[in-house]
Amino acid sequence: MAEMIIKNGVVYDPKNSVDGEKNEICIKDGKIVDNVGAGAKVLDAEGCLVMPGGVDGHTHCAGKINTARIMSPHDMRYSPIPGLSGPEPRTKLLRPQVGYNTPNTHAIGYRYSKLGYTTIAEAAITPMMARHMHEEFESIPILDKLALVLMGSNWQVMQYIQDGDSEMLKSYMAWALLASRGYGVKIVNPGGGSNWTWGKNVTGIDDKVIDFDVTPADILIGLAEANEALNLPHSIHVHCNNLGVPGNLPTTLDTMKLLERVKASQDRQVMHLTHMQFHSYTGTSWMDFASGSDQIADYINKHDHLTFDMGQMIFGPAMTMTADGPTEYRNARMFDAKWSNYDQELEDAGGIVPLAYTPQHFAHATMWSIGLELALLVKDPWKVMFTTDNPNGGAFVNYPEGQVLLMSDKKRQEVIAGFPDMTMDRISLPNIDRELDWGEMTVMTRSMPAKMLGLEEKGHLGAGADADVAIYDVKPDKVDVSVEHEAVKKALGFAKYTIKGGEIVVRDGDITALPKGKVYWVNAYENGIVQTEKDRLITDLEERFKKYYSMQFSNYMVEDAYVPRPVEVRPEVA
Amino acid sequence: MIETILISARTIDQGATLEEKTSQAYFDAAAYCELNEGNLEALGVSVDQNVKVATAHGVVVVPAKIDKRLPDDIVFIPMGPWANAIVDPDTCGCGMPGFKGVPATVEATADPVLNMKDLMATYKE
Amino acid sequence: MPVIKDVVCTFCGCLCDDLEVTVEDNKITKVGKACKLGRAKTMGMFLHERIEKPMIRKNGKDSELEECSYDEAITKAAEILVAAKRPISYGWCSTSCEAIEKAVVLAEETGSLFDSTANVCHGPSALATQEKGAPSCSLGTAKNYADLIIFWGCNPVHAHPRHQTRYSTMAKGAFTPNGKKDKKMIVVDPRNTDTAKKADLLLQLNPGTDYVLVEALRAIVNGHADVLPDEIAGIPKATVMEAAEMCKAAKFTVIYFGMGVTQTRGRYKSGDNVSSLVSDLSQTNKVVMIPMRGHYNVTGFGQVAAWEAGFPMALDFSRGVAYYNPGETGTNDVLMRREVDAFITGAADPGAHFPQESIKYLYKIPAIQVDGYANPTTEFSDVVIPAAIAGVECEGTAYRMDSQPIRMKKLIETTFKSDEEILTEIIAKVRELKGEGGA
Chain A
1 MAEMIIKNGV VYDPKNSVDG EKNEICIKDG KIVDNVGAGA KVLDAEGCLV
51 MPGGVDGHTH CAGKINTARI MSPHDMRYSP IPGLSGPEPR TKLLRPQVGY
101 NTPNTHAIGY RYSKLGYTTI AEAAITPMMA RHMHEEFESI PILDKLALVL
151 MGSNWQVMQY IQDGDSEMLK SYMAWALLAS RGYGVKIVNP GGGSNWTWGK
201 NVTGIDDKVI DFDVTPADIL IGLAEANEAL NLPHSIHVHC NNLGVPGNLP
251 TTLDTMKLLE RVKASQDRQV MHLTHMQFHS YTGTSWMDFA SGSDQIADYI
301 NKHDHLTFDM GQMIFGPAMT MTADGPTEYR NARMFDAKWS NYDQELEDAG
351 GIVPLAYTPQ HFAHATMWSI GLELALLVKD PWKVMFTTDN PNGGAFVNYP
401 EGQVLLMSDK KRQEVIAGFP DMTMDRISLP NIDRELDWGE MTVMTRSMPA
451 KMLGLEEKGH LGAGADADVA IYDVKPDKVD VSVEHEAVKK ALGFAKYTIK
501 GGEIVVRDGD ITALPKGKVY WVNAYENGIV QTEKDRLITD LEERFKKYYS
551 MQFSNYMVED AYVPRPVEVR PEVA
Chain B
1 MIETILISAR TIDQGATLEE KTSQAYFDAA AYCELNEGNL EALGVSVDQN
51 VKVATAHGVV VVPAKIDKRL PDDIVFIPMG PWANAIVDPD TCGCGMPGFK
101 GVPATVEATA DPVLNMKDLM ATYKE
Chain C
1 MPVIKDVVCT FCGCLCDDLE VTVEDNKITK VGKACKLGRA KTMGMFLHER
51 IEKPMIRKNG KDSELEECSY DEAITKAAEI LVAAKRPISY GWCSTSCEAI
101 EKAVVLAEET GSLFDSTANV CHGPSALATQ EKGAPSCSLG TAKNYADLII
151 FWGCNPVHAH PRHQTRYSTM AKGAFTPNGK KDKKMIVVDP RNTDTAKKAD
201 LLLQLNPGTD YVLVEALRAI VNGHADVLPD EIAGIPKATV MEAAEMCKAA
251 KFTVIYFGMG VTQTRGRYKS GDNVSSLVSD LSQTNKVVMI PMRGHYNVTG
301 FGQVAAWEAG FPMALDFSRG VAYYNPGETG TNDVLMRREV DAFITGAADP
351 GAHFPQESIK YLYKIPAIQV DGYANPTTEF SDVVIPAAIA GVECEGTAYR
401 MDSQPIRMKK LIETTFKSDE EILTEIIAKV RELKGEGGA
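Residue numbers (this note's numbering), protein chains in the order written: chain A, 1 to 574; chain B, 1 to 125; chain C, 1 to 439.
Bear in mind the hints are in silico, worked out from the structure with no lab data behind them. Check each hint, because a few of them may be wrong.
As the list claims (entries may be wrong) - Below are the DMTMM-like pairs computed for lysine to aspartate or glutamate, each with C-alpha atoms no more than 20 Å apart in a straight line:
hint, chain 1, residue 1, chain 2, residue 2
1, C, K33, B, D13
2, A, K516, C, E101
3, C, K172, A, D336
4, C, K269, A, D211
5, C, K58, C, E72
6, C, K36, B, D72
Said to hold, decoys possible - Under 10 Å between C-beta atoms, here's a sample of chain C residues computed to sit facing chain B:
hint, residue
7, T22
8, P177
9, P229
10, E357
11, K360
Computed from a predicted structure; not experimentally measured. Yeah, the Cβ is synthetic: ideal placement off N, Cα and C, and Gly gets one too.
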C-alpha cells in the first residue's frame, strides 16, 4: 500500500502529451496511478526536471561483456568520470564497483540508476549462452531487463527459410525466445556470422551464405515476416551487413528499402536499425570516407516503417563487442589490438576488441559527427533512440555527454573546433544548429525506446505505467542548456531522485536502496504455435541436437531458476 | 645418479582417485616416477625399486616405473603431493609455480616411500 | 530402476551432459556413458570415505581433529576470518557458480584475497588473454568444422577422456561426417603421450621450449621460414615446416592447450604467442584456441569473479574493492611471501597441488577446509566442514571449458550442507561478529 506523490516537478511525458508541466505524479504499489490518499509520502521535486525512468533499448551489459572484463583489467582501474567509473570500495549498502567500459554487474546497476535509467535491453545473446546472461542479469541490481536473441546466422532459421517453411521458422523463433527467456529477435550481419565460421563474410544483402541457399535479404525478410506473424511486441532489431566499412551506405539503404514490403502487425516499426552511425559511410576506403547521414536521414524522414538508434561515439577508450565476428577480426588487425572471438555452434559468431577514439583523427571525428547528424537530421524524435551502443561507441556513463551534445550547438561547435581540417569536408554537423528540447530528449531516451520495444508499462508516466521516475537537478524553465551544458551534464549523471517501481533508489546522486529488477520475456510459443507444429519442430530439433550440438536437447533450455522474477509477455494470437 | 628434467602432469589413475587421497589406490596412482628403460638401466634400478628424486627445492622417494616412450633424461611424476615435494615454487612473478621443466637428479635409494600423511607431516616446521 | 538421463558429469572441463545414472534407494548404483574419471567422481560417495562430521583442532596443528556440530565449525571459521588481518580464500572450482557467488561476498566482507585453482593451472592463460585476447569457439563448432586438431601441452586420453569422441578428433560433425577420417591431429608434447600415439604428427619439443616453437611457426606462417635454424626446440626444421603446412592446408584449426603451455618456462608468454599465431593464421584460414580446463567449474569461477568483482582470479579485497596483480596477489605468491594470516579453501585441494614451500606456510596459519572428502588439505586444516557434492547431491551452474554454462542436476538426497549453504552461514556469522547484523 506504499503511496507517494511527487509535487512541484516540471514533468515531461511525451506519450501522454505532457510537455514541461507542473503536474503531480501519484504512485501506489509500484505503479503510476491517477490519485493517492492524503497519507501518501510527499516528494517535493522543487521545480526540477521530471521524466519517466530511462530505457536503454540497446546495450551490451550481460554475457559477452564478461569476456571483455576478463580481457581488460586496465579498464577496471580507469576512472575518467568520478562517481560513475573506476574502483569504488564497498559500503554498508553497496558492493564494490570497478570499471568504465566493462564495469562489474553491481556497478552497472548502480550507475544506470544514477543516470536515471531503470530498464535496459541486452542487445545480443545466443539462445545457447542465455543462461550465462541471466546469471549476470540476476546480479545486476535495481534495473528491469530484457534480452534480444541472435537469430541472423542461425542454422535452423536459415534452413527453414531455405526450405520456404514459414511455419517451422515461426515455431523455431518462438521456441528460441522461450528457450532463452528472451524478448525480441536480433539480427547481426545477417548470414555473415555463419560465413565467419569459415573465416569469410558477406559483402551485401544479396550475397550467398556459404552453407545454406539463402542471402542476407532472405534472412531479413524471413525473420521480419515471421516476427510480424507471431505478433511479437518488438520488431526485428537489425545490425546491418558491412558495419564500419567505408562505403557501407548502399548496404544500409538496401536493407531499409527491402523492409518496405513487410507489414507491421501493430502500431510500431517493422525494423529497428541499430547503431546507425556505424552504417552511414560513403566513400570507397578510409581515405575518401565521409558522412552519409543526409541520405540516411532523407530516407527515414520519408518512410515510417523503421526506427533507428544512434550508436553515438564518445571520445576515449571503448570496448567493442559484437556478434559481428569478421568486423572484430578486422578491427584487431587494423589496430594491432588484442582480439577475442567466439563462434557459437549453429547460432552465431562474436568478437571483442578494445579500441580508443580520438578527436585528433579525422576518421573518428567524422564518426562522432555522423551519430549526432543522424539524430538531428531526422525530424521525428519517435524514430530515434539515443544510444552509444554501450560500450562499442562509448560507455553508458557518457550518456549525459551525448545527450547534452544533442541539446547544445555551442558545445558541438566547441568540440568541432578541435577537429583536424581533414574532417571538415566529410561532415555536415557544423551547419546543423538544431538543439533538442527536453520533450524531444525524453522521447529519445524513454518514450521511443519503450514504444519501439513494445513495453507498455515503460517510458511514460500515465496511470498503469511502472512507477519508474527520474528527477534531475535541472530547472527546465530557468536553464539554457545550450550555454549551461556542463552543469546540465553533471545533473543528468547524478539524478536528484531515481524511483524504481515506486521505491527511491537514488537520492542526490547516491544509491539508497537495492531492489531486484524484473526480466521481461516473450512467450509466443505456448499459445502461439499449434501442437502439430510444435511436434514437427521438436522432432527436427532433437535430430539436430543429436548430430550437431555439443549439448543435450534436454539441458539446453534456460531453467526457471535463472529467471526468478519474470514478466511473461504473451502476444495476442492472430 | 643421472641428471634429468622433471615433468609432472595428470594421469587417468591419479584423476580417478582424486577424491580418495587417503587411499592406497591414490598412493599407487601418484607416488611413483617414470623413466625410460635406458635411464633406469643406467641407474641400476629395476621396476618398483625406490629412487630418490632431488631438485633444488626438495627430495622425494618414489618407486620407479618404465615409460618406454619417454625421451632420455626426463623424469615424470604424476601431479600430486609427491611431485609437489620437489617442484619449483617460484612463480616468476606471474602467479604460477614451476610444475614442469625442473632440473632434477635421480639415484637409487634404500629409503622408504612416505605415505600421504607422513609426507604432509614433514612440512610441519 | 530409476535412471536419470542427461546427467552433467562434474569432473573435468568437458562437462559431458549425457550421463545415465541409476539411483536405487538414494544410492547411485550405475553410471552409464561416463569415462573412468566421471564414474569415479559420480559414484565417489559410495566407493570411499566421506568427511562425515565437521571437525575442529582445539590445540593447534599438533592436536587431532575432533568432531563437532556444523554450528561450532562455522562459528570457528567465521572467528578465524574476522580475527585475521590478511585472510585468503582459495579454490571454489569443483562447486557451483551459486556457491562461488557466496564466496565472493565472504571475501569482500572479510577483506580477503580471493583466488581459484587457476593459480596452479590456467592462470597464465588468463594473463595471455589480457595480453593478446582469446580467439575461441564453442566445442560444438569445433566438432562440426575442425579438420585440424592440435593438442598443445595437453593429454586428453588421461585428463579429458571423452574430449576426443565428443568434441575433437573422433567426433562426427556437420562438415566432418566421417569423424577421424576427416581430421588431422598434431600433438605438441615433450613426452610421447598416449594422446600422441594416434597423432598424424608429434612435435616432441624439449621441455620449456614452447615459446620458441610458437615463434618458429609464426615465422613460417608469415613467410620468414628462411631465418629459422635447422633445429627448433629440439625438432628438425622440416618437421616444424610440415606442421605449419598442415595449418595452412586446414580449413578450420583448433589449438587445444593445456598445462604444458601454462606451467613451463615462459608461462603466459607462450599462450600469448599462441594467440598471435591464431591471429596470423586467421588472415587466410579459420583458427581458434581453447584451454583444456581441469576442474569442471574453474571456468565458472573466472566468470563469476569477473562479473561480480571485475577480475577472473588473484583478487585482493583488502582495499574494499578488488585489486588485481597476479604474481603479487596469486595464492602461491602470498603464501611464499608468508604474508597471509588465515586460509579458507573449498572445493579444491591445495594440500595436494601446491609446491612444498606453500604448504609449509599453511601449517603455520589457521586454515579452514570445506570439502566432501579428506585429503592432504585436511592434514593442516584447523576447521573441517563437510560439504555436499555439487552436481550429485545439489544442483547449480557450471561452465564448460568453452565457457558454456550448463545446469548440474541433483541426483540423490543428502544431509550434508551444500557449499552455498555453508558459505551463506559463514557470511551471516561474520556479519554478526563484526556487528553488521545477521542480515
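Now for the hints, and whether the structure bears them out:
1. Using a Cα cut-off of 20 Å, the hinted pair C/K33 and B/D13 holds, with the two alpha carbons roughly 18 Å apart.
2. With a CA separation close to 16 Å, the supplied pair A/K516 and C/E101 stays within the 20 Å bound.
3. Distance check on the hinted pair: C/K172 and A/D336 sit about 36 Å apart at the alpha-carbon level, beyond 20 Å; violated.
4. Using a Cα cut-off of 20 Å, the hinted pair C/K269 and A/D211 is violated, with the two alpha carbons roughly 37 Å apart.
5. Of the pairs offered as hints, the one joining C/K58 and C/E72 holds, with about 12 Å between alpha carbons and a cut-off of 20 Å not exceeded.
6. Restraint check for C/K36 and B/D72: the C-alpha separation of about 31 Å exceeds 20 Å, so the hint is violated.
7. The restraint placing C/T22 at the interface with chain B is violated, with a minimum CB-CB distance near 20 Å, outside the 10 Å limit.
8. With its C-beta approaching chain B no nearer than about 29 Å, C/P177 sits outside the 10 Å limit, and its interface hint is violated.
9. Evaluation of the C/P229 hint against chain B yields a violated restraint, the C-beta minimum of about 20 Å exceeding 10 Å.
10. The criterion of a C-beta within 10 Å of any C-beta in chain B is met by C/E357, whose closest approach is roughly 4 Å, and the hint holds.
11. For C/K360, the shortest C-beta to C-beta distance to chain B is roughly 5 Å, which falls under 10 Å, so the interface hint holds.
Against the hints set out earlier in the document, violations occur for numbers 3, 4, 6, 7, 8, 9.
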